[in-house]
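Enquirer: Sequence:
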Amino acid sequence: MTEGLHAELSDKGIRVCDVHPNFIKTDLMERAIFLGKDRQEVQQRQDLVKKAIESPLLENPEDVAKAIWQAVKHPHSEIMVGSANVSQASYRLFPGLMDWIFKKIFGMKDNG
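Per this note's numbering, residue -3 is the first one in the sequence shown, and the count goes up by one each step.
Hints listed in this document are in silico derivations from the structure and should not be mistaken for laboratory results.
A quick note: this is a predicted structure, and the numbers were derived from the prediction, not measured.
Every residue, glycine too, gets a C-beta built ideally from N, C-alpha and C.
Mixed in with the good hints there might be a few duds.
[To be verified] Taking lysine-lysine and the DSS-like style, the derived pairs with C-alpha atoms no more than 30 angstroms apart in a straight line are: (1) LYS8 x LYS46; (2) LYS62 x LYS47; (3) LYS46 x LYS99; (4) LYS33 x LYS21; (5) LYS62 x LYS21; (6) LYS46 x LYS100; (7) LYS46 x LYS69; (8) LYS99 x LYS33; (9) LYS47 x LYS33; (10) LYS100 x LYS8; (11) LYS21 x LYS47; (12) LYS100 x LYS21; (13) LYS99 x LYS69; (14) LYS8 x LYS99.
[Unchecked claim] What follows is a list of derived Cβ distance ranges for each label pair: (15) MET94 x LYS46: 36 to 46 angstroms; (16) ALA3 x ARG41: 33 to 43 angstroms; (17) MET(-3) x LEU44: 25 to 35 angstroms; (18) VAL38 x HIS2: 37 to 47 angstroms; (19) HIS70 x ARG35: 42 to 52 angstroms; (20) GLY32 x ALA3: 38 to 48 angstroms; (21) ILE49 x SER6: 31 to 41 angstroms.
Sequences and hints are given; from them, build the entire structure.
Expert: What follows is the structure in structure tokens.
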């Protein structure tokens, strides 16, 4: 989608850049309202978010803002923020393994 926008808007002097952070550490998820079939499912979802918030893969909002500012000052088509480089490379090389690891870390179950 970004490439399409770039192609359409570049003649008008408008630049488009993808900025890819991993999860960003904000209080948005802490304030989320969780729904589920029952209280146990709601609690499991809340616990999952607590685990995610404690993950070292979370990016600081300031680092993401700096990356966006760099994209404004020095145009690029794509910017990877912090640990997103490692995540992207890992998923490209080992997609099945990374899915398994992600599910184990966050206590997710297969749907199939």
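Enquirer: Hint by hint, note whether the structure agrees.
Expert: Results for each hint:
1. LYS8 x LYS46: violated, 44 angstroms
2. LYS62 x LYS47: Status holds; Cα separation ~26 angstroms.
3. LYS46 x LYS99: This hinted pair holds, its Cα atoms lying about 15 angstroms apart.
4. LYS33 x LYS21: holds, 28 angstroms
5. LYS62 x LYS21: holds, 15 angstroms
6. LYS46 x LYS100: holds, 15 angstroms
7. LYS46 x LYS69: Status violated; Cα separation ~36 angstroms.
8. LYS99 x LYS33: holds, 21 angstroms
9. LYS47 x LYS33: holds, 21 angstroms
10. LYS100 x LYS8: violated, 47 angstroms
11. LYS21 x LYS47: Given that 30 angstroms is the threshold and the Cα spacing comes to 12 angstroms, the pair holds.
12. LYS100 x LYS21: holds, 21 angstroms
13. LYS99 x LYS69: Status violated; Cα separation ~38 angstroms.
14. LYS8 x LYS99: violated, 44 angstroms
15. MET94 x LYS46: 36 to 46 angstroms: Violated - the Cβ-Cβ distance for MET94 and LYS46, about 22 angstroms, lies outside 36 to 46 angstroms.
16. ALA3 x ARG41: 33 to 43 angstroms: holds, 40 angstroms
17. MET(-3) x LEU44: 25 to 35 angstroms: Because 29 angstroms falls inside the window, the suggested range holds.
18. VAL38 x HIS2: 37 to 47 angstroms: holds, 42 angstroms
19. HIS70 x ARG35: 42 to 52 angstroms: holds, 50 angstroms
20. GLY32 x ALA3: 38 to 48 angstroms: holds, 43 angstroms
21. ILE49 x SER6: 31 to 41 angstroms: With a Cβ separation near 38 angstroms, ILE49 and SER6 satisfy 31 to 41 angstroms, so the hint holds.
Against the hints set out earlier in the document, violations occur for numbers 1, 7, 10, 13, 14 and 15.
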